[in-house]
Amino acid sequence: MALVQTTGPSARAVSEVVRLDGHVLDSLVLVKVLDTIVDAGASYKILELDVGTTNRDESHVRIEVSCPDEAALGALLERVQVHGVNREGQEEAHLVPVDQDGVLPDDFYSTTNLPTWVRLSGHWVEVGQPEMDCAVVVDLDGTTARTLPMHRARRGDRVVVGMHGVRVAPPRRSAGPGEFAFMTSEVSSEKPKGLTVERVAATLRRARLHDVGGQSRGILAVCGPAVVHTGAAPALAALVREGWVQALFAGNGFATHDIEAAVLGTSLGVPLSGAEPSEHGHANHLRVINTVRRFGSIANAVDAGWLRRGVLYECVRAGVPFVLGGSVRDDGPLPDVISDTAAAADAMREHLGGIGVALMLASTLHAIATGNLLPATVETFCVDINQAVVTKLADRGSHQALGIVTDVGLFVGDLADLLCGPDWRAQVTRGP
Amino acid sequence: MCEPTFFTVTYEINPYMHIEIRPDPSAARQEWGHLVSTLQQTGATVDFLAPVKGVPDLVFTANAGLVQGRRFVPSRFRHPQRRAETPVDVAWFRDHGFLIEQLAGDEPFEGAGDALPFGRPTVIVAGYRYRSSISAHRALGTLLGLPVRSLELVDERYYHLDLAFCPLDDRRAMVAGQALDRYGCRVIEALVPEPIWLEDDEAADFSANSVVVGGVAVMPACTPRLGKVLEKAGYEVVVAPVGEFVKAGGGCRCLTLALDVP
Chain A
1 MALVQTTGPS
11 ARAVSEVVRL
21 DGHVLDSLVL
31 VKVLDTIVDA
41 GASYKILELD
51 VGTTNRDESH
61 VRIEVSCPDE
71 AALGALLERV
81 QVHGVNREGQ
91 EEAHLVPVDQ
101 DGVLPDDFYS
111 TTNLPTWVRL
121 SGHWVEVGQP
131 EMDCAVVVDL
141 DGTTARTLPM
151 HRARRGDRVV
161 VGMHGVRVAP
171 PRRSAGPGEF
181 AFMTSEVSSE
191 KPKGLTVERV
201 AATLRRARLH
211 DVGGQSRGIL
221 AVCGPAVVHT
231 GAAPALAALV
241 REGWVQALFA
251 GNGFATHDIE
261 AAVLGTSLGV
271 PLSGAEPSEH
281 GHANHLRVIN
291 TVRRFGSIAN
301 AVDAGWLRRG
311 VLYECVRAGV
321 PFVLGGSVRD
331 DGPLPDVISD
341 TAAAADAMRE
351 HLGGIGVALM
361 LASTLHAIAT
371 GNLLPATVET
381 FCVDINQAVV
391 TKLADRGSHQ
401 ALGIVTDVGL
411 FVGDLADLLC
421 GPDWRAQVTR
431 GP
Chain B
1 MCEPTFFTVT
11 YEINPYMHIE
21 IRPDPSAARQ
31 EWGHLVSTLQ
41 QTGATVDFLA
51 PVKGVPDLVF
61 TANAGLVQGR
71 RFVPSRFRHP
81 QRRAETPVDV
91 AWFRDHGFLI
101 EQLAGDEPFE
111 GAGDALPFGR
121 PTVIVAGYRY
131 RSSISAHRAL
141 GTLLGLPVRS
151 LELVDERYYH
161 LDLAFCPLDD
171 RRAMVAGQAL
181 DRYGCRVIEA
191 LVPEPIWLED
201 DEAADFSANS
211 VVVGGVAVMP
221 ACTPRLGKVL
231 EKAGYEVVVA
241 PVGEFVKAGG
251 GCRCLTLALD
261 VP
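Chains as they are written, first to last, in our numbering: chain A, 1 to 432; chain B, 1 to 262.
Treat the hints as calculated values from the structure; they're not laboratory data. Be aware that one or more of the hints could be misleading.
For each label pair, taking beta carbons as the anchor points, the in silico distance ranges come out as [unchecked claim]:
#	chain 1	residue 1	chain 2	residue 2	range
1	A	Ala72	B	Asp169	43 to 49 Å
2	A	Asp57	B	Asp260	25 to 31 Å
3	A	Asp57	B	Ile100	22 to 28 Å
4	A	Ser43	B	Asp260	46 to 52 Å
5	B	Asp169	A	Asp57	55 to 61 Å
Quick caveat: nothing in here was measured; it's all calculated off a predicted structure. In this text, a Cβ means the ideal position worked out from N, Cα and C, and glycines have one as well.
Please model the entire structure based on the sequences and the hints provided.
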């Protein structure tokens with residue numbers, strides 16, 4: 001078992017780059033400005049210092065000033081303005097209207113998943129629904145801004161172009177109590193697994209227990225078929241039943257095998273009880289898909305009493321929304337699968353509001369797809385037996401993802417033990 | 001210099017001005033006349049700017065702008081109450097053969113009130129905060145091709161640099177450290193080999209707002225202590241009281257603008 005990546009949830013410091021030009025060294029103006037910054041409890045980093053070669057030459061300094069919050073930064077920068085310190089990026093965001101549906105203006109600002117602000121009418125306005133690889137659209141009266149996926153652009157939408165008037169909060173590592181401060185090495189196979197599961201369980205408890213501004217944060221499970229193959233489905237079903245999952249994303253494979261296991265006791269024809277593969281078992285999943293297609297939806301199959309256990313059964317019972325995104329190699333697919341991938345991504349976006357923690361369980365494609373949609377502020381755990389999956393997720397921009405290299409079946413089972421108590425195993429044995 | 005025919009206090013833009021404490025016109029004319037003759041006795045030639053009705057602070061010609069050789073850089077007054085002075089000043093300098101050079105940008109700058117050349121090679125010592133902006137210092141340095149030392153004025157009683165800094169020669173200057181912070185004092189120490197630091201009462205009496213002509217310092221006030229220091233430094237001290245003008249926040253130097261700046 002190994003741990004990969006280390007970034008905790010971002011605590012937000014705000015910073016701004018300022019300029020100071022002129023004969024600022026001999027006049028001690030630079031020293032005075034830096035002293036003022038430090039005296040105010042802020043910090044600075046000199047990004048550029050161009051000292052003239054003669055005493056007639058001007059010096060040019062670029063300084064990044066960081067403060068704990070926006071108000072303190074504004075007050076400080078106002079105070080040093082009299083000394084000739086000018087904010088960079090005080091320019092307004094440049095807006096250009098969309099001239100063709102689904103096509104962004106050339107030079108559109110491409111977003112990151114970090115908290116972002118745009119400058120509108122002299123104010124920094126936070127961009128809603130942070131998501132990477134989108135544009136930023138500003139509403140008609142110019143007071144709110146949100147991310148806009150390319151395919152949703154509509155003629156007349158006003159979109160931010162260029163880099164002017166855009167500010168991004170740098171991700172900050174957190175070492176607060178209860179965070180993953182101990183995971184300070186990129187990869188560690190040395191960490192005791194029990195401890196890691198307990199930390200994830202603690203994070204989920206905090207998410208549910210109103211720990212951030214008195215608001216509870218939702219938990220998202222993103223599942224690959226290996227969740228079923230490794231026997232983790234009953235544990236995940238228990239977590240759903242006990243209210244530990246608020247939204248679930250998966251594909252046709254996971255859903256099919258979850259239902260196949262629930263109805264026939266096999267996963268891809270292999271009995272989960274450990275018996276020999278049944279004859280013609282490879283067709284089991286196709287028969288299951290066919291039957292659900294006859295019902296019209298998974299919810300209908302539950303209502304009819306045909307589907308009586310499993311992860312999706314619990315989702316339907318508990319009213320937990322799930323989105324099944326399709327792919328080109330899907331059998332069937334199940335009637336709930338959204339085969340239009342852009343529409344599937346849009347459906348996933350609908351359920352991200354309020355999500356504070358994401359569990360990526362043995363999923364590559366859906367984990368990366370979800371990672372593309374999640375703001376960097378969502379605490380993300382990526383559980384996979386293959387470290388490459390974890391690395392892939394981080395490489396694609398989801399730097400906040402904490403990788404846990406382990407068998408998903410054992411991991412989810414341990415998690416359910418901690419969060420649901422040992423009774424869930426008894427319920428599995430008894431059945432519904 | 002500009003005769004105080006229309007000098008009065010009709011607005012309040014510094015801590016000294018009070019509309020209810022108007023200067024006495026005849027006393028002001030007397031003080032001003034005495035200052036003119038004192039300066040002429042030191043060997044100075046005085047040129048005059050015609051007063052204009054409704055532009056009372058035109059008497060404070062130090063704030064007209066900055067002179068360098070035959071160039072004149074007009075002020076950009078911070079307060080709208082004084083902006084009517086600029087066209088009058090510019091017309092005078094143009095009529096007298098000066099090249100008018102506008103400072104780049106739009107930041108306020110109040111001429112020789114806030115920018116004084118010092119030393120060899122020349123450095124422009126400039127004040128900022130109350131009247132001039134530090135951004136204007138930068139434009140000034142670029143325009144004149146001279147290094148600028150920007151000093152923040154931290155006490156509003158010394159709202160112009162010429163109330164706190166008075167160059168005597170290439171090595172000496174009177175300095176009111178009361179007007180500066182520790183950074184400004186350090187800049188002065190590095191720049192002025194023999195600074196003459198003023199006591200609190202001397203600074204408050206505008207002793208730094210003096211006109212130096214050759215070896216004579218024409219001062220609005222001078223304590224015995226300061227007089228001795230200046231005499232020891234080789235200066236003759238002549239006091240020309242200008243109490244009526246102090247009511248508007250100005251001393252001897254504010255009433256003059258040197259035209260022989262190299």
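Taking the hints in turn, this is what the structure says about them:
1. Ala72/A to Asp169/B: 43 to 49 Å: Roughly 47 Å apart at Cβ, these two residues keep to the hinted range, so it holds.
2. Asp57/A to Asp260/B: 25 to 31 Å: holds (29 Å)
3. Asp57/A to Ile100/B: 22 to 28 Å: Given range 22 to 28 Å: holds, Cβ gap about 27 Å.
4. Ser43/A to Asp260/B: 46 to 52 Å: holds (50 Å)
5. Asp169/B to Asp57/A: 55 to 61 Å: violated (27 Å)
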